[in-house]
Structures are given as C-alpha cells and as structure tokens.
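Chemist: Single-letter residue listing:
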Amino acid sequence: MTRQATSEASAERAREDDERSLLVVRDVYRSFGGLRAVDGASLDVRAGSITALIGPNGAGKTTLFNLMTGFERADAGEITLEGRPIARKPPHTIARLGMVRTFQLTKALAAMPVLDNILLAAPDQPGERLSNLLLRHRRCRQRELAIRERALELLDSFDLRPQADAYAGTLSGGQRKLLELARALMAEPRILLLDEPMAGINPTLGRRLLAHMRELRSAGTTFLFIEHDMDVVMGEADRVIVMALGKVIADGTPDAVRSDTRVIDAYLGGTP
Amino acid sequence: MITFALALDIFTQLSFWVSVGVLAGTYGIFACGLQLNVGFTGVVNFGQAGFMAIGAYTMGIAVVELGWSFWAALPVAVLVAMAAGLLIGLSSLRLRADYFAIVTLAFAEIVRYTAINARDLTGGNQGLIGFDGDWARLSGGIQEALAPVGLDGEFLLPLLLVTWTTLVLLVLSLRWAQGSPWGRVLRAIREDEDAARALGKNAFAYKLQSIAIAAGIAAIAGFFHALNLSLLTPNSFEPLFTFLGYAVLVLGGLASYTAVAAGAVVLWTLLEATRLLELPLPAEKVAALRFMIVGLILIVLMALRPQGAFGKREEMVLGD
Numbered sequence: 001m002t003r004q005a006t007s008e009a010s011a012e013r014a015r016e017d018d019e020r021s022l023l024v025v026r027d028v029y030r031s032f033g034g035l036r037a038v039d040g041a042s043l044d045v046r047a048g049s050i051t052a053l054i055g056p057n058g059a060g061k062t063t064l065f066n067l068m069t070g071f072e073r074a075d076a077g078e079i080t081l082e083g084r085p086i087a088r089k090p091p092h093t094i095a096r097l098g099m100v101r102t103f104q105l106t107k108a109l110a111a112m113p114v115l116d117n118i119l120l121a122a123p124d125q126p127g128e129r130l131s132n133l134l135l136r137h138r139r140c141r142q143r144e145l146a147i148r149e150r151a152l153e154l155l156d157s158f159d160l161r162p163q164a165d166a167y168a169g170t171l172s173g174g175q176r177k178l179l180e181l182a183r184a185l186m187a188e189p190r191i192l193l194l195d196e197p198m199a200g201i202n203p204t205l206g207r208r209l210l211a212h213m214r215e216l217r218s219a220g221t222t223f224l225f226i227e228h229d230m231d232v233v234m235g236e237a238d239r240v241i242v243m244a245l246g247k248v249i250a251d252g253t254p255d256a257v258r259s260d261t262r263v264i265d266a267y268l269g270g271t272p
Numbered sequence: 001m002i003t004f005a006l007a008l009d010i011f012t013q014l015s016f017w018v019s020v021g022v023l024a025g026t027y028g029i030f031a032c033g034l035q036l037n038v039g040f041t042g043v044v045n046f047g048q049a050g051f052m053a054i055g056a057y058t059m060g061i062a063v064v065e066l067g068w069s070f071w072a073a074l075p076v077a078v079l080v081a082m083a084a085g086l087l088i089g090l091s092s093l094r095l096r097a098d099y100f101a102i103v104t105l106a107f108a109e110i111v112r113y114t115a116i117n118a119r120d121l122t123g124g125n126q127g128l129i130g131f132d133g134d135w136a137r138l139s140g141g142i143q144e145a146l147a148p149v150g151l152d153g154e155f156l157l158p159l160l161l162v163t164w165t166t167l168v169l170l171v172l173s174l175r176w177a178q179g180s181p182w183g184r185v186l187r188a189i190r191e192d193e194d195a196a197r198a199l200g201k202n203a204f205a206y207k208l209q210s211i212a213i214a215a216g217i218a219a220i221a222g223f224f225h226a227l228n229l230s231l232l233t234p235n236s237f238e239p240l241f242t243f244l245g246y247a248v249l250v251l252g253g254l255a256s257y258t259a260v261a262a263g264a265v266v267l268w269t270l271l272e273a274t275r276l277l278e279l280p281l282p283a284e285k286v287a288a289l290r291f292m293i294v295g296l297i298l299i300v301l302m303a304l305r306p307q308g309a310f311g312k313r314e315e316m317v318l319g320d
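Chains H and G are the protein sequences, given in the same order.
Just so you know, this note's numbering puts 92 at position 92 of the first sequence, and the rest follows in order with no gaps.
Just so you know, this note's numbering puts 256 at position 256 of the second sequence, and the rest follows in order with no gaps.
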C-alpha cells in the first residue's frame, strides 16, 4: 500500500467520524470581561452516544452549554449541529433544529399546571400562531388532542400522571427535574443537553432518570450531560470529555479518561 | 367632632350607576390590555395611556381634520395604536422588564406632550371637539329604541350598553385566546422566558404580539373615553389613567379577564361614591380626602385578599 493511499484512507476515516458527529464544536472562545470562560474549546459529540462533560467548577462547562444552545454568543469559533452552523442562531431556532437543553437550576414553569408544562414543548403545534387559531381552528384542535395523548404517556413514564393538573410549583425538587426532562423529551430532540441532571435528586429517582436515558438512547436520542457524580459518569457514559480552564483537556472512553494523567491532575486527583 | 355621612340614596339612582358603568367599562377595556401584558406575558407596560391617546387622537384628527366618517376612523386608529405598540416593542422589548416599564412611561408622556404642543392638529390644551356627530346619531337612535321601556331619560345609557357589550366580547375573545396553545406560550414566557426559548419558542415575537394587541385594546378604550367626555384633551391621558388601570388589575386579580371587569366596577363605585361624601369641609379638601379614603379601602382589601377579588392565589404565590 502506498503512503498516499494510507493518507487517503485515514482522511476517509476522519470524514466518517465527522459524519457520525452530531454536534461539533471548533475553537470556541468566550470571555466575560477579563475572564476567559471558554478558551478555545473543541469537541465532538457522536450521534447516538451518551457523552459526559466533566471538569472542576469554573472549567467553562455551563458556559459552553450556553454557547451551544444560543443563550450566549461565542466571541470566536464554530459550532455545527448535523453540519449546520448554529453559533449565531438564537436559542429557539437551535431548539427547533433538534438540540434541546435543561438547566442546572430547574426551570419548572411554576404557576402552570404540570400537563401544560409538557404540552408547551410539543413541536409543530399550529395553534401557537394566532392566525392559525383563527383560520385553521380544526387542525389546531386535532393536533392538541394528539400531543395531549403523548404528554400523558410521558407523564405516566415519569410517574407524574397523578400530578398532571397540579401546579408545577407544588412538585418536589426531584419531581421538577423529571418534569424538566419529560418536557425536553416532548420536544422530540435529536440531542439532549442535560446540565447536572442528578444534582439534588434522591438515588431512587436518579436511577429512574438514568434508566430513561439508556432507553431513549437505544431509541436514537443522543445525550450530552454535565455531571459531578463520577460513578454515574463512568458507569453511564460511552465517552467522557474533560474540561479545565476553558479548554478541553481530554476526550475518550471512561477508562482512557480515568487513567489520563492530565485529568487526574486537573480534576480527579489522588491515586486511582 | 366631624359628622361623616354619605347620601345613601344615590345607590338607588340609575344615573349614578350609568356613569359608574361607563367609567368602569372604559377602564375595564383599558385594563384588559394590561392584563394581557402583565398578567399573562409578564411584560410591564406603563404606557397604556399613551397608546390610548394615540388611538383616540387618530380617530379625532381623522374625523375633525380629515373629514373621515367616525366608523371608518375607528379601525384605522386601532391599527395606528398597534403600530405604535410594535414600534415601542421592537425598540425596547429586549430591555429588562423594569427598564422596559420606564421606557413605556416615557413614551406615554411624549405622546401627551406632543398632543399639548401640536395645536394645529390636536387643539392643544383647548381640546378637540366635534368628532362624535356620527355617534350622537346612533346614540339618539338607541335612546329612541329604549323609549318604550321608559329608559330614554339617561343620555349616557346607549354609551353604557355599547361599552359593556364591547367589554364582554373582549373578555370572551381574550379568554378564548388565553386557553389556546398561543396563550400557553405567553404564560410560559411570563413564568420563565429562558425555559420557553429553550423549548423553541420565539419569546420576543410573542412579547411583541402581546404589546401590540394591548395597544389596540387601549385605542378602543380611548374611543369610549373620548365619547364619554365629547372632548379630547391631553390631560385626560395622564399617567394616572394607566395607574388607575393597574389599580383595577390588582383589585380584580392578576391572570383573569373576568377579574378585570369586576375590579373596574369596584374601583369606580368607590371613586364615584366618595365623590358624594358630605363633610363639613371645603370642597377641595373633600376632593383630596376622597382619594385618601379610596386608597385606605384598597390597602385593607389587599391585606385581606392579596390575590384580588378573582385572582388565583396559587399563581401569585408560585409566581417566583
């Protein structure tokens, strides 16, 4: 085999890798005043994976989430979702393209019923436009019935069905986390970004949440989640991305990352 | 010792209730717009009197200066007010809620000062008259129709009927819109704008719609205000009008349109009844005392029922 053929083959492999990458971040920067929160971060999230994003506090994980979902604008760099550049797009457009996020501090819509929280997330409800309400009333109603059914299914699978008509503000912290996840799923995302999904919920609910994640992954949803619980990270993730001081310092399988000296120095600490 | 008395027989007089009804209906319509903004979208609009002034003056100028028919001027004036709402929204809705409130207040004052100074168009402080000829004819017709039941003595009765018909229709359509998926998005934005955006909702576009619709509603309130006074003067569009609108909102309760109508009736019954206080004091002192008494009653009502007469306590407590 000639050297040229070898390099062509590796280029081919790289392209395939890219094709399997649903979300690609390249050299993204974001400063707040003098603080470089994200300092040239690059990463890939493969389609169909459960990828964990870990790192010490202040590493830039949440800022990177905000940049990827349009809540912050990058100073420089590129972000693509399924090959489409999204770095300059507003949050609602990115959500409609199939990337939906949850927040570190849950954002339950407290003074709305639990069911309405879920219904809100349904994609393609024509009744969200006043003109359709007036002119295509029947279609809006039909769609509402369909999404209601789907919403009740989701509530069932998260054991929130009995609370369907209660205000979301009356739910416990753990239930709110489940509600937020159910709501994000209602939006039928290609990729779901979860910011510390396990924080503040009891182990039973946590296990259920993880079971949902695995189940959804086998149905084709991709996950990227920020987490500090290393048992969860090493047990659930196919790939682990490690950030420190605004940069990605490691990216690989849980085993590879665990034994990476840079990661041990920056985050894991001690002797394994 | 001060003798404190209120002539109770006024409550049995039809003319008292007709004038309370017209004012309550006008303020009820006005405050429906505020309810849409504040109660259902979480947008604090302090410029409602400005949108009302734009609607009323557009109608007045179109009829008096341009010679339009009153009926043709109404829809155009609503559209002009809505355009003003869009303009304010596009330029300022990206501001934080409290800053936006200040901008709308300033806008309303700009409108009022413009009306004071653009004398050729608005008549300045002298006022603008002569826009209600078409209405007077209709009103006369309604009065004639009421003659067989013996109600033709009250010349404001036709205005009362039309005002309240409008208010009821408005409340019904707003309730319908609020129960729709569109209304659900508005409420989500009120609860947490970022959550709504993360779920694919264009929060800015919805807030714009909310403010434009409220401005159109303010214009309609402006028509009834103008017909009630038969005169357009800048000082009838002072910020006080907006704040009384907020009093209606708080009294009736947030996040309910029926509450707005009820709140308007309560507020104007209080304001008009205290006007007839009989006290051994000079008239201007009684006038000042009137607002103090109403204020005191409002404070007591709020202490007893903070969510307002018809507000949902849960939505207030869980709000944040």
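Among the hints, a few may not be true.
Said to hold, decoys possible - Examples of chain H residues lying across from chain G (beta carbon under 10 Å, computed): (1) 85; (2) 86; (3) 92; (4) 100; (5) 103; (6) 109; (7) 112; (8) 142; (9) 143; (10) 164; (11) 167.
Hints listed in this document are in silico derivations from the structure and should not be mistaken for laboratory results.
No residue lacks a Cβ here, since even glycine has one placed at the ideal position from N, Cα and C.
Chemist: Would you mind marking each hint as holding or not holding in the structure?
Modeler: Now the hints, each set against the structure:
1. Contact between residue 85 of chain H and chain G, as hinted, is not supported at the beta carbon level, the nearest pair being about 18 Å apart and thus beyond 10 Å.
2. Below 10 Å, beta-carbon pairs count as interface contacts, and residue 86 of chain H has none with chain G, the closest being about 13 Å; its hint is therefore violated.
3. Of the supplied interface hints, the one on residue 92 of chain H holds, with its beta-carbon coming within about 5 Å of a beta-carbon of chain G, less than 10 Å.
4. Interface restraint check: residue 100 of chain H against chain G, minimum CB-CB distance 7 Å, threshold 10 Å, status holds.
5. The criterion of a C-beta within 10 Å of any C-beta in chain G is met by residue 103 of chain H, whose closest approach is roughly 7 Å, and the hint holds.
6. Interface hint at residue 109 of chain H: satisfied, since its Cβ lies 4 Å from the closest Cβ of chain G, which is below the 10 Å cut-off.
7. Residue-level restraint check for residue 112 of chain H holds (minimum Cβ-Cβ distance to chain G is 6 Å; threshold 10 Å).
8. Evaluation of the residue 142 of chain H hint against chain G yields a violated restraint, the C-beta minimum of about 12 Å exceeding 10 Å.
9. Residue-level restraint check for residue 143 of chain H holds (minimum Cβ-Cβ distance to chain G is 8 Å; threshold 10 Å).
10. The restraint placing residue 164 of chain H at the interface with chain G is violated, with a minimum CB-CB distance near 15 Å, outside the 10 Å limit.
11. With 10 Å as the threshold, the beta carbon of residue 167 of chain H comes within range of chain G, its nearest partner Cβ sitting at about 5 Å, so the hint holds.
The structure fails hints 1, 2, 8 and 10 (numbered hints given earlier, in ascending order).
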